[in-house]
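Listed here are the chains, written in short residue letters.
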Amino acid sequence: MRRIAAMTARWVVLAAGALVWEAWANWRQSPFFPPPSAILAQMYHLWFSGPASHLWLTSAAIGNVLPSLARIGAGLAIAIVVGASFGIAIGRSAVLSDYLDPLLHFGRSLPAVALVTVFIVLFKLGNEMEIAFIAFGAVWPILVNTIDGAKTVDPLQAETARVFRLSVGQRLTRLIMPAALPKFFAGLRLSVSLSLILMVIAELTGSTDGIGYQMNSASQSFNLPVLWAGIVLLGILGYFLNAVVLGVEHYVLAWHRGARRLMN
Amino acid sequence: MLEVTDLTHSYGRGSAAHMAIDGISLKAAQGELVSIVGPSGCGKSTVLRCIAGLQRPARGTITVNGVAVHGTVPDRLAVVFQDYSRSLYPWLSVRDNVALPLLHTEPRRAARREAAQRALAAVGLKDAAHRYPWQLSGGMQQRVAIARAIACDPVLLLMDEPFGSVDAQTREDLEDLVLRLRRDREITILLVTHDIDESVYVGDRVLVLTGAPGRVRADLAVHLPEPRDQIATKELPEFVHLRTETGRLIRGQQASAAH
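Protein sequences appear in the order of chains A and B. Each residue of the first sequence is one higher than the last, beginning at 2 in the numbering used here. Each residue of the second sequence is one higher than the last, beginning at 182 in the numbering used here.
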């Protein structure tokens, strides 16, 4: 009951904010700040008024929202595979981490935005460049956190593995990977929010479809309701992506929460 | 069965070097339980770590059933660590923790789980298989650690102050559990403890070490009737005599009786 109340309270604040905005926009009649009702109507018209056979998605939704999601998915997938595998390798090897440490700090300090041109030169405009760009920008939090997680395997747990003669592979799957998992997820949460930003930037610079592309062309033709529809959609996507990651984390790291709660 | 000769080890180098153990020799026969006691910092744990192959001694030889140990973990050896709550993997269920040492001998998962279940039953934790270590009390966690150690059917079991952080009642239960397992399975056990009563109560022999660097001060044979009983055994004059003797040796005084 308390949880339901807390959840309603959260939505009440959001709804109240929207109402205030609505009243203010109707009063000012500013062309730059359309009321939420107009934005919602625009969103519905733009993306969700399609035929039932397409799950009510319009061709604009299929043509712009799905490619954006696919890019995020592909970019994140690469970032996870590369970040987790290299993270564990670097974290478990003192030699590797000594040699690569400066390079890693240099790489993760680079604002990915500044490298857009480099990616365009490397991959030409198109999906490959956009996915590579998202992957490059999103890999750092996962990589750095996984390195940290793999490094800090409890020495006693490592000795336990030695005493019970676990093979290298068994140590990897039963000790190092689970031990690094909480840190990996901390990195993943950052990477997921980053990937949304990176996706928009990639699509603003050189794309022929996607949410960012649609927003870019809307702003060039001063079609502000469409621009606002894109902004709100990005907010909703960010919320859902984060919720998905938190849900997976909640399930996968149940042991970690339980163990920590008892220690405190 | 176990033979340790002239075991010497120091930590650090040069003038900062700290000699932990100096020329320790000991033997344990098949199925024998040897308690190792000594003042804190006498290198009790170092002895176990060297036998377990976790540490290469600076000097000395260790053989288990005739096979030399030198920085490699000997076959059919198991260890119960002092810090049991950290040595269990919190991401594995109790059953999978116990099945861990079977990974390198038993490729079939079902067989591993069965063996883990049997080991859990032997320590009285049949019903905890699907729980997680952090859901159990300290005493139960230590039972899981013992189940894990016996799951791979070891011939040599090393226990490093295994009952240091459980309450007195649980401690007595666990001591009796170890005695029962030893009797049923003919395991050779080396048990490091700082508790004098415990060393005499569970031991067939008590090895008393001196303070740092650790050397063998005395090797006392314990002739107490079997099976031992927490109340009756501890009332016996022999028990009282032995624990007094051990205490005196630890404090560095001369033994009152000739040994």
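What the hints contain is simulated information worked out from the structure, not anything from laboratory work. Do not rely on the hints blindly, as some may be mistaken.
[Said to hold, decoys possible] Estimated spans, in silico, between C-beta atoms of each pair: (1) B:A197 with A:V96: 18 to 28 Å; (2) A:A255 with B:G433: 47 to 57 Å; (3) A:G64 with B:D264: 28 to 38 Å; (4) A:G170 with B:A210: 31 to 41 Å; (5) B:D365 with A:L97: 44 to 54 Å; (6) B:R312 with A:P52: 50 to 60 Å; (7) B:N246 with A:N243: 51 to 61 Å; (8) B:R312 with A:Q171: 18 to 28 Å; (9) B:R290 with A:A255: 56 to 66 Å; (10) A:N243 with B:D264: 18 to 28 Å; (11) B:R240 with A:N243: 57 to 67 Å.
[To be verified] Footprint (simulated), chain A over chain B, 3 or more residues, beta carbon under 8 Å: (12) 258-267; (13) 370-380.
[What the hints assert, rightly or not] Chain A is nowhere near these chain B residues, computed Cβ spacing over 12 Å in every case: (14) T189; (15) Q236; (16) A326; (17) G345; (18) Q350; (19) T351.
Cβ atoms here follow ideal geometry from the backbone N, Cα and C, with glycine treated the same way.
How the hints compare with the structure:
At roughly 26 Å, the beta carbons of B:A197 and A:V96 sit within the given window of 18 to 28 Å. Our hint of 47 to 57 Å for A:A255 and B:G433 holds, since their Cβ atoms are close to 52 Å apart. Taking the beta carbon of each, A:G64 and B:D264 are about 59 Å apart, not inside 28 to 38 Å as hinted. Taking the beta carbon of each, A:G170 and B:A210 are about 38 Å apart, inside 31 to 41 Å as hinted.
For the hinted restraint 44 to 54 Å between B:D365 and A:L97, the CB-CB distance of approximately 48 Å keeps it satisfied. In this structure, B:R312 and A:P52 meet the distance hint of 50 to 60 Å, their C-beta atoms being roughly 52 Å apart. Checked against the hint of 51 to 61 Å, the C-beta distance between B:N246 and A:N243 comes to roughly 58 Å, which is consistent with it. A beta carbon spacing of about 23 Å between B:R312 and A:Q171 agrees with the range 18 to 28 Å that was offered as a hint.
Evaluation of the 56 to 66 Å hint for B:R290 and A:A255 yields a failure: the beta carbon distance comes to about 22 Å. At roughly 37 Å, the beta carbons of A:N243 and B:D264 sit outside the given window of 18 to 28 Å. Roughly 59 Å separates the CB atoms of B:R240 and A:N243, a value that falls within the hinted 57 to 67 Å. With 6 residues having a beta carbon nearer than 8 Å to a beta carbon of chain A, the region 258-267 of chain B meets the requirement of three or more and the stated coverage holds.
Proximity of the region 370-380 of chain B to chain A, defined as three or more residues with a beta carbon under 8 Å from a beta carbon of that chain, is not established by the 0 residues found. The beta carbon of B:T189 sits about 22 Å from the closest Cβ of chain A, which is more than 12 Å, so the claim that it is off the interface holds. Taking the minimum C-beta to C-beta distance to chain A, about 10 Å, the non-interface status of B:Q236 is violated against the 12 Å cut. Taking the minimum C-beta to C-beta distance to chain A, about 9 Å, the non-interface status of B:A326 is violated against the 12 Å cut.
Its beta-carbon lying about 14 Å from the closest one in chain A, B:G345 satisfies the requirement of being farther than 12 Å from that chain. Chain A leaves B:Q350 outside its interface by the beta-carbon criterion, the shortest separation being 21 Å against a cut-off of 12 Å. At roughly 18 Å from the closest C-beta of chain A, the C-beta of B:T351 stays outside 12 Å, upholding its exclusion from the interface.
Checked against the numbered hints given earlier, the structure breaks hints 3, 9, 10, 13, 15, 16 and satisfies all the rest.
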